[in-house]
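Add chains B, C and D to chain A, keeping to what the hints say.
Protein chains in written order, with the working numbering: chain A, 64 to 410; chain B, 64 to 410; chain C, 855 to 1232; chain D, 855 to 1232.
Worth flagging that the hints you see were computed from the coordinates, not collected in a lab. Don't be surprised by glycine CBs; every beta carbon is placed ideally from N, CA and C. Errors might be hidden in some of the hints.
Partial pick of chain A residues on the chain D-facing surface, computed with a CB cut under 7 Å [what the hints assert, rightly or not]: (1) MET64; (2) LEU317; (3) ALA348.
Read off the chains here:
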Amino acid sequence: MDFDFNEEQRALEDTVRRFVAKDYGFDTRNAIRATPAGWSRNVWSALADLGVLALNIDEEHGGLGYGPQETGLVMNAFGAGLLVEPYLSGAVIAPALIRRAASADFQAEWLPKIAAGDAIVISLDGKRLTLTNGKLSGTLRAVPHGAAADLWLVAKDDALYSATPQFNDYPLLDGQHAADLVFDNTPAKKVGAGETATAFDIAHGIGLAALCAEAVGIMDATVAATTEYLKTRQQFGQPIGRFQALQHRMADMLLHLEQARSMSWLAAMRCTDTNVAERQRVLSAAKVVIGNACRFIAQNAVQLHGGMGMTDELIVSHWFKRLTAIEMSFGDTDSHLQRFAKLSRAA
Amino acid sequence: MDFDFNEEQRALEDTVRRFVAKDYGFDTRNAIRATPAGWSRNVWSALADLGVLALNIDEEHGGLGYGPQETGLVMNAFGAGLLVEPYLSGAVIAPALIRRAASADFQAEWLPKIAAGDAIVISLDGKRLTLTNGKLSGTLRAVPHGAAADLWLVAKDDALYSATPQFNDYPLLDGQHAADLVFDNTPAKKVGAGETATAFDIAHGIGLAALCAEAVGIMDATVAATTEYLKTRQQFGQPIGRFQALQHRMADMLLHLEQARSMSWLAAMRCTDTNVAERQRVLSAAKVVIGNACRFIAQNAVQLHGGMGMTDELIVSHWFKRLTAIEMSFGDTDSHLQRFAKLSRAA
Amino acid sequence: MDLNFTAEENAFREEVRAFVRAKLPEGIRQKVMSSQHLSKDEHVLWQRTLHEKGWGGVGWPKEFGGPGWTPSQLYIFEEECAAWGAPRLISFGLKMIAPVLMAFGSPAQQQRYLPRIMAAEEWWCQGYSEPGSGSDLASLKTRAVRDGSHYIVNGQKTWNTLGQYADWIFCLVRTDPEAKPQRGISFLLIDMKTPGITVRPIITLDGAHEVNEIWFEDVKVPVENLVGEENKGWTYAKFLLGHERTNIAGIGIAKREMTRLKRVAGAAGKLDDPLFAARVAQVEIDLMALEITNLRVLSAEGSKKGPGPEASILKIKGTEIQQSIAELLMQASGMASFQIADTANRLGANYCNQRKLSIFGGSNEIQKNIIAQMILGL
Amino acid sequence: MDLNFTAEENAFREEVRAFVRAKLPEGIRQKVMSSQHLSKDEHVLWQRTLHEKGWGGVGWPKEFGGPGWTPSQLYIFEEECAAWGAPRLISFGLKMIAPVLMAFGSPAQQQRYLPRIMAAEEWWCQGYSEPGSGSDLASLKTRAVRDGSHYIVNGQKTWNTLGQYADWIFCLVRTDPEAKPQRGISFLLIDMKTPGITVRPIITLDGAHEVNEIWFEDVKVPVENLVGEENKGWTYAKFLLGHERTNIAGIGIAKREMTRLKRVAGAAGKLDDPLFAARVAQVEIDLMALEITNLRVLSAEGSKKGPGPEASILKIKGTEIQQSIAELLMQASGMASFQIADTANRLGANYCNQRKLSIFGGSNEIQKNIIAQMILGL
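Okay, chain A solo, but in the shape it has when bound (with noise of 0.2 Å):
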């Protein structure tokens, strides 16, 4: 076993971290958030530059070769900045489920696009639509970032569509932007075909590893952040973090933190296994660990912030927000339990 990350990954952390730091800071975020779109285009740009577009994409299609360790360094990053970019689903999960689902010359085409920077994929599950005669209709509700693309990929019947929706785009109380799709006789053109469940799974699975990875890069910031102002505020002449019960909570929320933090790496090492069983298993318990982290990380989070906690003007509040989202995104945290509990019964 070996729980430290080589230098290259150590670098790679680094440059991220930079980027938040020097580039990406709350008030640089607050007025992307600000904007009609809801995200940045520069920004984007400016993430291709740092190659982290890239993470994701095998080296022959203009990629790094990487794999969700990495991506979870970076989500460590991205979280506790907070970024609105459609890093998740354009960088991570179109991606993963490209080079396991679409047809080489397709790959060939896009995969390198996106590595660029010059093309956002986002992909769909095909499960609540019909598809008619090439023709695809229904309507995905609340689909994260579903405006932001250039291309939309959506996986049905064991085969890849490209397909161009009709959309609603609206922000979301986190920050992020969503958008109803709406297919109406939508015309889909086949870019793939074979095991495309089983791509999209394990695709949807690195997705939630990252989720996990991005919601420890938030707590993280957010249990240090606590702690700096319970060292700082003063009542009753002392800092209240000399106060026991809430010395106590700390402790708590660090138990959650860390619990959280292995599970965030074991999800990481396992999303990718073959043992379909297996690989769901960790995944749930995996967001199970993560979702109860969040709830109770951001509520006292807020809570030992008083009335400081309550203002849009402190990160902290943001920070509660997305944890909150997180929780509720890529089923929560009651699904997760009782697919862990069907699964680990059935082991």
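Frame of chain A; chains B, C and D shown alone:
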């Protein structure tokens, strides 16, 4: 609304509390517990003299004609004293069942005996027994005080029977006894018919309300004893009750206790309600609140007593065990939570 | 012991119910039922509607023009109002400054201010907390220096709720900086139109403008606006905090929101999920218990003066329950609840906003200190 | 980063597994698997079996006759032993006094005591806590007064685990009552057969005799039984407490009991209850996470000396998980688990007994203090 007890009720409460304080101390109780039967006929006679065996019996049958409220006051005191006699089964549930389900002749014969302490009747749910040609068969496990009876009553197929099973008596960790009762083509004599299932459900509900009151009596004593311990136990140069984390734990224990007390009163009020759904809804809610409180208060009382809470010498560890048993009796918290959810949805 | 309401109380409930259903405008009701913030005009309209009925002074004794209700009647009134979706009463005038003026104000102050509170002619706000003085309120620093017939006030207040609508603010100010913290505080009434007052909005995490910071820069306050005696303000402040805790459990609102939760969750199919259904049931049960606990406290208050430390039990459990319901409402609709533009439901924003309940009005941590020390004697 | 064990480690696991399965007597295994207390002979037998294999000094370096395992090997060993139902190693000798003697004892002490611990020829027990000194250990009062070549010891120790079997006790005693509490403590080794020692059983709430009180009345202890320097005992005591926390999370035992829980609950049909199944799943998930957290701490320890404050995280979560499993096991069998005579399962008694886990070995409250102060710097 009126949350006060009347003078008659207060006098009853005083009598019982004085009895426990004077004649049923911790050592006396433990000596009784160490006997093979695990309870005392002498104490039973003393209870008859106090009048508390006549509580749930109407005046025409030699009783006092009281109800669940007065029973609750008695159970509060017996709870704190950890009474090991079969009061709940023999003096609360059985008379409640007999009054509602037995023939007039049977009532006239047995209720006065129960009131006078001359007979102990245990009532049983016959659902898991078979009745063929007037003979009962089947085994009922872990019946509280199942071996302490002079007469066993079985509610089966909307009629009430008396029958005499074989039994295997054993002591439990909480100081009470239970027995496995074996019916093996045991002759059953019909002693009442009609509305038996309803009568049994009401009698069982009256028992549940009384059990809740017993729990509140124990929790009251437990919270008081733990508070006292925190005031006297010194560590780090001060009473440990000065430590804020322990203060907040005690506050949480008090919250549980007061919510439990409220529900115990509501249960006493509604356990004879003729609206089945409302009666069961309140009783399930009460059991959930009291079950959660039992668990929280018992575990934390031991925790806050430290090593002392783990010893057999302190009464707190015996309260712990009885509270643990109560949570599992008459349907555990999960089962009542689910029954409540179902009833509440149907309402 | 009898846990049922009397026939008179039930008749009173019918009267309130009929009145609220007849008089509450549907538009206001819809906003309340979907967790939207109300405008000043909407609040004022409802208060004036109550006033016309003779119910303007909710919680006030008859001698000051109130309806003179018993605690049970007050409870029934608030429950029926909440159930049908009437606005919360704006408490700063009615339930905070009014009881203080009745107990400690001069007859002139009582006559000047109380009728206008009842008639919603003047809106009050609260000047207690400061950036450096939250839980430790007695450390407040806003200074008032006597200068002839005036006090000159300098300092800053914060977490001022709805002060953007206010005509008056009641303020705790330090008049003797040499004395022990609690001994040098006075209680002043300040006209919000006085020069030198600046109100700056604080936007909260749900994106709403509900609270403010207020700066005082050489604000001249006539000495007749002092309540009671100089340097005795801490006594009045604590009296006010006690009264603020009436109806602190928010049972009526919680019951309304519980009904909403069961409707929303049922429609979303979430009650078919046994875990979700169990969590809803657990909160519903806790609420049932708290309602009885609340009535017990009310009943005990009948004999005493004002709510005792038991109110801390109601504050903690009441806010926990309201927060749990808000959370379950959000979870029942999932990420759809996070749409900023969804003003018709606001379930995500409502969850965020309700986090304040365990912070404001004496944080739940402070309430546990009170329970441990005042009730348990630790 | 690689969260898999190496091929060498996997081979080692196979070796341990094969050994345990071949050598552990079935009778002992059955008792462990059903939460029964073991006799002294059974403990000794297992320790001697390990010793014959060369594994008597579990956790010890090679220079003192131990197998010299890495932290990962130690972890694997404990996990495999637990899984198959081997007895817990009796830690008082192996994991408490032995590391202290290795670090601070004289060569003569090391040669005298260590081999007999490894061979289970002498049984040790612990004399730390006193009736007035639990969490606040440094306030201990047992006195040792130097009298020529002996110390004369008077006082009382408590919560002494399995001292009824012990040949030796290591004791913290006060040798300088004038110094600050921590500065006047010494570390003594005392022969349990010395006149003046009385052992009184403490029966715990599950009815078992696992702990004792020990009285010392003019007990003569040769000065060569002092460990290290006089009045420096607090340093050695803290070192010991650090070592006590190796394997504190109890992952191996928790995994075994989790398997048992799923078997018992499945047989009782409780896994068909969605609420119960969810609670089992939650604990299983927490345990999965803690296993990784434990391995992370182990891995970080490789570079450092002894477990740091992170061990407090393992203590808290580990005991919470073990207690939850014990509770679910009890609930799965309901009141049937409360039969005193049911020695074949002891699920009720086991639940009661496991409450000690969050109290002993530094209460979980003390562990949270450590986390807040040592890790978070509050």
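* For the hint on LEU317/A, just tell me whether its beta-carbon gets within less than 7 Å of chain D. => Holds - the Cβ of LEU317/A comes within 7 Å of chain D, reaching about 6 Å at its closest.
Note to self: Take the shortest C-beta to C-beta distance between MET64/A and chain D; is it under 7 Å?
What the structure shows: holds, 6 Å
Q: With chain D as the partner, please determine if ALA348/A meets the hint condition of a C-beta pair closer than 7 Å.
A: ALA348/A check passes; min Cβ-Cβ to chain D is 4 Å, inside 7 Å.
Hint compliance for this structure: no hint is broken.
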